[in-house]
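Let the hints inform the model, and build the full structure from the sequences given.
Chain residues, written in single-letter form:
There are 2 protein chains.
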Amino acid sequence: MSSLGTVGLIGTGLIGGSMALDIRACHLADTLLGYDKKADNAAAAQRLGIVDRIVSYEELVAESDLILLSIPASAAAALLPDILDRIGACVSASAGMDAVRPVASDCDCVRPVVLDVCSVKQPIVDAVRNHPARGRFVAGHPMSGTEYSGPQAARQGLFEGKVGIVCDAQDSDADALACVEALYEALGMRLVKMSAEQHDIHTAYVSHLSHVISFSLALTVLDKEKDDKHIFDLASGGFSSTARLAKSNADMWVPIFESNRENLLPVIDAYSDYLSRFRSAIASADGPKLRSLIETANRIQKIIQ
Amino acid sequence: MSSLGTVGLIGTGLIGGSMALDIRACHLADTLLGYDKKADNAAAAQRLGIVDRIVSYEELVAESDLILLSIPASAAAALLPDILDRIGACVSASAGMDAVRPVASDCDCVRPVVLDVCSVKQPIVDAVRNHPARGRFVAGHPMSGTEYSGPQAARQGLFEGKVGIVCDAQDSDADALACVEALYEALGMRLVKMSAEQHDIHTAYVSHLSHVISFSLALTVLDKEKDDKHIFDLASGGFSSTARLAKSNADMWVPIFESNRENLLPVIDAYSDYLSRFRSAIASADGPKLRSLIETANRIQKIIQ
Chain H
1 MSSLGTVGLI
11 GTGLIGGSMA
21 LDIRACHLAD
31 TLLGYDKKAD
41 NAAAAQRLGI
51 VDRIVSYEEL
61 VAESDLILLS
71 IPASAAAALL
81 PDILDRIGAC
91 VSASAGMDAV
101 RPVASDCDCV
111 RPVVLDVCSV
121 KQPIVDAVRN
131 HPARGRFVAG
141 HPMSGTEYSG
151 PQAARQGLFE
161 GKVGIVCDAQ
171 DSDADALACV
181 EALYEALGMR
191 LVKMSAEQHD
201 IHTAYVSHLS
211 HVISFSLALT
221 VLDKEKDDKH
231 IFDLASGGFS
241 STARLAKSNA
251 DMWVPIFESN
261 RENLLPVIDA
271 YSDYLSRFRS
281 AIASADGPKL
291 RSLIETANRI
301 QKIIQ
Chain R
1 MSSLGTVGLI
11 GTGLIGGSMA
21 LDIRACHLAD
31 TLLGYDKKAD
41 NAAAAQRLGI
51 VDRIVSYEEL
61 VAESDLILLS
71 IPASAAAALL
81 PDILDRIGAC
91 VSASAGMDAV
101 RPVASDCDCV
111 RPVVLDVCSV
121 KQPIVDAVRN
131 HPARGRFVAG
141 HPMSGTEYSG
151 PQAARQGLFE
161 GKVGIVCDAQ
171 DSDADALACV
181 EALYEALGMR
191 LVKMSAEQHD
201 IHTAYVSHLS
211 HVISFSLALT
221 VLDKEKDDKH
231 IFDLASGGFS
241 STARLAKSNA
251 DMWVPIFESN
261 RENLLPVIDA
271 YSDYLSRFRS
281 AIASADGPKL
291 RSLIETANRI
301 QKIIQ
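As you go down the protein sequences, you meet chains H and R in turn.
If you're matching positions, the first sequence starts at 1 in the numbering used here and goes up one per residue.
If you're matching positions, the second sequence starts at 1 in the numbering used here and goes up one per residue.
Derived by calculation from the structure, the hints in this document are not laboratory data.
Careful, some of the hints might be misleading.
Claimed, not checked - Facing chain H, a subset of chain R residues (Cβ under 10 Å, in silico):
(1) THR31
(2) ILE54
(3) TYR57
(4) GLN152
(5) GLY287
Unchecked claim - Within a straight-line C-alpha distance of at most 27 Å, the following computed DSSO-like cross-link-like pairs (lysine-lysine) qualify:
(6) LYS162/H - LYS289/H
(7) LYS302/H - LYS302/R
(8) LYS302/R - LYS162/R
(9) LYS226/H - LYS302/R
(10) LYS193/R - LYS302/H
(11) LYS289/R - LYS226/H
(12) LYS289/H - LYS289/R
(13) LYS193/R - LYS162/R
(14) LYS193/H - LYS226/H
(15) LYS226/R - LYS193/H
(16) LYS289/H - LYS193/H
(17) LYS226/R - LYS289/H
(18) LYS224/H - LYS226/R
(19) LYS224/R - LYS162/H
(20) LYS193/R - LYS226/H
(21) LYS193/R - LYS224/H
(22) LYS302/R - LYS289/R
(23) LYS38/R - LYS162/H
(24) LYS193/R - LYS38/R
(25) LYS193/H - LYS224/R
(26) LYS162/R - LYS289/H
(27) LYS289/H - LYS224/R
(28) LYS224/H - LYS224/R
(29) LYS302/H - LYS226/R
(30) LYS302/R - LYS38/H
(31) LYS37/H - LYS162/R
(32) LYS38/R - LYS224/H
(33) LYS224/R - LYS38/H
(34) LYS226/H - LYS38/R
(35) LYS302/H - LYS289/H
What the hints assert, rightly or not - Here chain H is said to cover these stretches of chain R; the calculated rule only asks that three of the stretch's residues, wherever they fall, bring their Cβ under 8 Å from a Cβ of chain H:
(36) 134 to 147
(37) 205 to 211
(38) 236 to 247
Every residue, glycine too, gets a C-beta built ideally from N, C-alpha and C.
Structure representation (C-alpha cells):
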C-alpha cells in the first residue's frame, strides 16, 4: 500500500503499540507520533521505538494523517467527539480539502482518518452518530490481543492471520474506509464488516464472557490458596489456559464490562444455566447426561484449533 | 536410572502412550508391551512405535516388571484389585521373591510394580486399601496432559518440567516407590507427595473445575452459534484459550466428574458465588467493585506464567 503519511497513536499500549510496530516494519508511515496520558507509557513507547516522537494531544491530532485511538472504551467514547471537532474545524477552516494539512504525496488518505480499536463499539459510534465529521471515523476492532498490556507488551505480527472488524462501515467516508482496509490487509488481517450492535453481542459471547469466567476462576482458586499454599503444585496446563485471561488489565476491562453490560448480562445468565446443568449432572452422578453434555461441548473442536 | 525391564501399558492413550515414548527414548525398558480394550488404539499404539507388542491383559500382567495403568479412573479402580490379585498369586506361588519372574539384571524393581496415572485418587486407593499386594501399587498422577486423547495424541517430552504426584506413599513398598520416583525423574518431573484426599480436593480446584467451566462455555457459545454462524469470526485467542479444554474426551472426564463429585460440587459452588459477584458488579456498573475483583484476580499472574 502507499504511505499512510504521519500516523499518530493516542494510547501507546498493547494494541496501538503492536500496530505501530507493524506499520514501521512495513514502512507504511513517514512518521509515528505518540500521545499517552500515562507519561511512563509514553516514555517507554519512545524508548522501544514504537513512536518517533511524543507530542501533546493537540499536536498529534493536528499533525496526523491517520489517528489510531487505542485507549479504554469509555475514554475513547469520551475523547472521540473532540478529535472529530478538531478535524472538522480544521477542514471547515480551510479553502479546500487538499489544503487542510501536509499529506505524503502518495498517501491514500487525503484527509485525516481516525480508527479506534476498542472491544465495545456501540457507545463509541453513538458518541459521534450525528457529528459532522463522522465520515472521517472508522469503528474498528482488530481481533487479537494478549493478557498483557502497555507498550512493553506490544509486538510485531500480533494481527497476522486474525480478523479485522469494521462496524457500521456505511457511516465512514469511502476513502477513510479504504485506508483502514488497506492497513488491515498490510497487517495480515481478514476484513469482516458488521453492525456495532451485532459486534457487541458477539464479543459478549466469545470474548467478554471468557474474561468473566477466567477472572472468577482465578478468584476461586486464589481464595482456596489462602488456606493451602500447595494447591499450585497441581496447577497444570489446563488451569493455566483457562485462567490466563485473569491476568488482564482492569483499566481496559472495567469499561468494557460497564459499557457492554446490556449484552453481557444475558450471556452470563445463559452460561450460568449450562453451569447449573453440569452441576446437576455431577451431583446425581448422571453418566449419560454428563456424556451428552461433554460430547456436545466437544463440537467446539470444529471451531477452534 | 537402570532398566525397568519389561514395561506393560494397560491403556495406550495420551498419558500411557506419552510415558512409553519417553521410556523408549531414554532406553529405560527392554520391552514395551501394550494392552488396550479398544482394538483400534492397540493397533495404532503398535503402528506408532509406542509399544513393541500387543498382548492379552493376562499376558501383560504376567510378563511386566512395571505396569502403567492408564485408563479412565472408574475402570482403573475396577481393574486394579484383579491386577494385584494376579501379582499376589504369582508372588505367593513362588518359592522366593527373586524367582517370581525374569527381571532385567540391573533393574531396580525386583517385583512387579503397578503405577496408575489417574486424575482422581481416592476411589483407586480405596479399591485396594486392604489388598495383600497393596505395596506393589503406587498411586500416581503426572500433572500433564492435553485436550486430545488416544495413542495418536501421545508425544515425547509431555512431562518435562511438570509435577509428578505420588499419593499415600506410605502404603507403597519402598522399592516400588523408588522405581516410580526414578521414572518420574527420568521423565523430567518434580516429585510431590500428598494424601489421596488432599490430591482430590486440589485437582477439583485446579483441574476439574477448569474443565467444567470450559465445557459450559463451549455449550453456551455453540448454542448461540445455532442462530448465528458468524459468531466465530470474532473468536480470538482469548476464547480459544478458555474453551480449549472443552475438546476433552468424555471417556476420561465422565468418570472423573462422577468419582470426585464430593470434592467438586463445593468448588463449583464457590466458583458460582464469584461469578454471581462479578455479575452483580457488572449489572450495577459498579466500577470500583469490578476493579477490585479484577485486580484481586490479577494476582494469579504470580502463579501461572
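Going down the list of hints, with the structure as the test:
1. Checking THR31/R against chain H by beta carbon gives a least distance of about 30 Å; that is not within 10 Å, so the hint is violated.
2. This hint is violated: ILE54/R has a C-beta 28 Å from the nearest C-beta of chain H, more than the 10 Å allowed.
3. Against a cut-off of 10 Å between C-beta atoms, the interface hint on TYR57/R is violated, since the closest Cβ of chain H lies about 24 Å away.
4. With a least beta-carbon distance of about 14 Å to chain H, the hint placing GLN152/R at the interface is violated under the 10 Å criterion.
5. Because the beta carbon of GLY287/R sits about 5 Å from the nearest beta carbon in chain H, less than 10 Å, this interface hint is met.
6. Between the alpha carbons of LYS162/H and LYS289/H the distance comes to roughly 36 Å, so the proposed pair goes past 27 Å and is violated.
7. Simply put, LYS302/H and LYS302/R have alpha-carbon atoms about 33 Å apart, too far for the 27 Å limit, and the pair is violated.
8. A threshold of 27 Å between alpha carbons decides the hint, and for LYS302/R with LYS162/R the separation of about 17 Å falls inside it, so the pair holds.
9. For the hint pairing LYS226/H with LYS302/R, the CA-to-CA distance comes to about 14 Å; that is within 27 Å, so the pair holds.
10. Restraint check: the Cα-Cα separation between LYS193/R and LYS302/H comes to about 39 Å, which exceeds 27 Å; the hinted pair is violated.
11. Using a Cα cut-off of 27 Å, the hinted pair LYS289/R and LYS226/H holds, with the two alpha carbons roughly 21 Å apart.
12. A C-alpha spacing of about 37 Å is found between LYS289/H and LYS289/R, which places the hinted pair above 27 Å, so the restraint is violated.
13. For a cut-off of 27 Å, the pair hint linking LYS193/R to LYS162/R stands: about 14 Å separates their Cα positions.
14. A C-alpha spacing of about 47 Å is found between LYS193/H and LYS226/H, which places the hinted pair above 27 Å, so the restraint is violated.
15. Taking the CA atoms of LYS226/R and LYS193/H, the gap is near 20 Å; set against the 27 Å cutoff, the hint holds.
16. Between LYS289/H and LYS193/H the alpha-carbon distance is near 39 Å, which puts this suggested pair outside the 27 Å criterion.
17. Straight-line distance between C-alpha atoms of LYS226/R and LYS289/H comes to about 21 Å, which keeps the hinted pair within the 27 Å bound.
18. Distance check on the hinted pair: LYS224/H and LYS226/R sit about 37 Å apart at the alpha-carbon level, beyond 27 Å; violated.
19. A C-alpha spacing of about 22 Å is found between LYS224/R and LYS162/H, which places the hinted pair at or below 27 Å, so the restraint holds.
20. Taking the CA atoms of LYS193/R and LYS226/H, the gap is about 20 Å. The hint holds against a cut of 27 Å.
21. Our distance criterion of 27 Å between C-alpha atoms is met by LYS193/R and LYS224/H, whose separation comes to about 19 Å.
22. For the hint linking LYS302/R to LYS289/R, the alpha-carbon distance of about 22 Å falls within 27 Å, and the restraint holds.
23. For the given pair, LYS38/R sits about 40 Å from LYS162/H by alpha-carbon distance, which is inconsistent with the 27 Å threshold.
24. Of the pairs offered as hints, the one joining LYS193/R and LYS38/R is violated, with about 32 Å between alpha carbons and a cut-off of 27 Å exceeded.
25. A distance of roughly 19 Å separates the Cα atoms of LYS193/H and LYS224/R; the hinted pair therefore holds under the 27 Å criterion.
26. Taking the CA atoms of LYS162/R and LYS289/H, the gap is about 33 Å. The hint is violated against a cut of 27 Å.
27. For the suggested pair LYS289/H and LYS224/R, the alpha carbons sit about 21 Å apart, so the restraint of at most 27 Å is met.
28. With a C-alpha separation of about 33 Å, the suggested pairing of LYS224/H with LYS224/R is violated against the 27 Å cut-off.
29. For the given pair, LYS302/H sits about 14 Å from LYS226/R by alpha-carbon distance, which is consistent with the 27 Å threshold.
30. A distance of roughly 25 Å separates the Cα atoms of LYS302/R and LYS38/H; the hinted pair therefore holds under the 27 Å criterion.
31. Taking the CA atoms of LYS37/H and LYS162/R, the gap is about 42 Å. The hint is violated against a cut of 27 Å.
32. The straight-line distance between the Cα atoms of LYS38/R and LYS224/H is roughly 39 Å, outside the 27 Å bound, and the hint therefore fails.
33. Our distance criterion of 27 Å between C-alpha atoms is broken by LYS224/R and LYS38/H, whose separation comes to about 39 Å.
34. Annotation: proposed proximity of LYS226/H to LYS38/R is violated, straight-line Cα distance about 44 Å (limit 27 Å).
35. The hinted pair formed by LYS302/H and LYS289/H meets the criterion: a straight-line CA distance of about 22 Å does not exceed 27 Å.
36. Residues of the region 134 to 147 of chain R lying with their CB closer than 8 Å to a CB of chain H number 5, which satisfies the three-residue condition for coverage.
37. Using a Cβ-Cβ cut-off of 8 Å, 6 residues of the region 205 to 211 of chain R lie near chain H, which meets the minimum of three, so the contact claim holds.
38. For a cut-off of 8 Å, the count of residues in the region 236 to 247 of chain R with a CB near a CB of chain H stands at 12, and the three-residue condition holds.
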